[in-house]
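S.K.: Sequence:
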Amino acid sequence: MIRINLLPVKRKKKPKPLPSFIVTATFITLVVIFILGYLFYYYNSRLAEARSRFETNKQRIEELKKRIKEVDNFEKLNSMIDERNKLIEQLRRNQNLPVVMLDEISKALPNGVWLHSMALSGGNLTIDGYGFTNSDVVTYVDNLKKSNRFTEINLQESKQVEIDKIPLYQFKVTMKVVM
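According to the numbering used here, the residues represented by the sequence shown are 14 to 192, in order.
It should be emphasised that the hints constitute simulated quantities derived from the structure, not laboratory data.
Only a predicted model underlies this, so the values are computations on that prediction, with no experimental measurement involved.
It is possible that part of the hints are untrue.
Think about it this way: if two alpha-carbon atoms lie no more than 30 Å apart in a straight line, the pair counts; the simulated DSSO-like pairs of lysine-lysine are [stated by the list, open to error]:
#1 LYS99 / LYS82
#2 LYS89 / LYS99
#3 LYS178 / LYS159
#4 LYS189 / LYS178
Could you build the full structure based on these sequences and the hints that come with them?
M.R.: Here it is as structure tokens:
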């Protein structure tokens with residue numbers, strides 16, 4: 014059997030194809046939105062990473078400043094210790110100088126001459142004293158000139174004075190001490 018349908022069939026209209034510029038514009042818009050989203054995410058993550066590095070570097074700089082301060086303090090302390098060591102070594106070298114100098118002065122002292130005062134300033138030594146005769150004073154100066162510890166020995170003055178009605182010669186000798 015054959016059936017025949019006499020009722021009209023409703024046909025669907027074929028949809029009109031979308032214009033190609035709308036399709037391409039939509040596609041391009043979606044691609045641009047996707048690219049912009051990716052770029053936004055990418056640059057946000059880079060910015061967050063840069064901020065993180067900035068904070069890390071800032072903390073590191075603070076730590077390094079503290080270390081630099083510690084190093085500076087250590088260097089100051091070290092230089093101060095070096096200066097003190099040099100001073101101690103200089104004092105040790107010069108420790109025997111007064112003893113040797115006084116020994117040389119006393120060895121050169123003849124009978125009839127005695128010392129009243131001595132003053133050491135830098136490398137210059139000044140001796141004030143008394144003698145019974147002027148020749149005793151000259152002998153003392155000559156004995157000092159024979160010593161290797163003294164140079165530029167000069168008899169500055171020798172004058173006759175009277176102390177307790179005893180005639181004496183007061184003298185003053187200057188010299189340089191060899192260290």
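S.K.: Each hint needs a verdict: does it hold in this structure or not?
M.R.: Now for the hints, and whether the structure bears them out:
1. LYS99 / LYS82: Distance ~26 Å between LYS99 and LYS82 Cα, so the pair holds.
2. LYS89 / LYS99: 15 Å, holds
3. LYS178 / LYS159: 34 Å, violated
4. LYS189 / LYS178: 35 Å, violated
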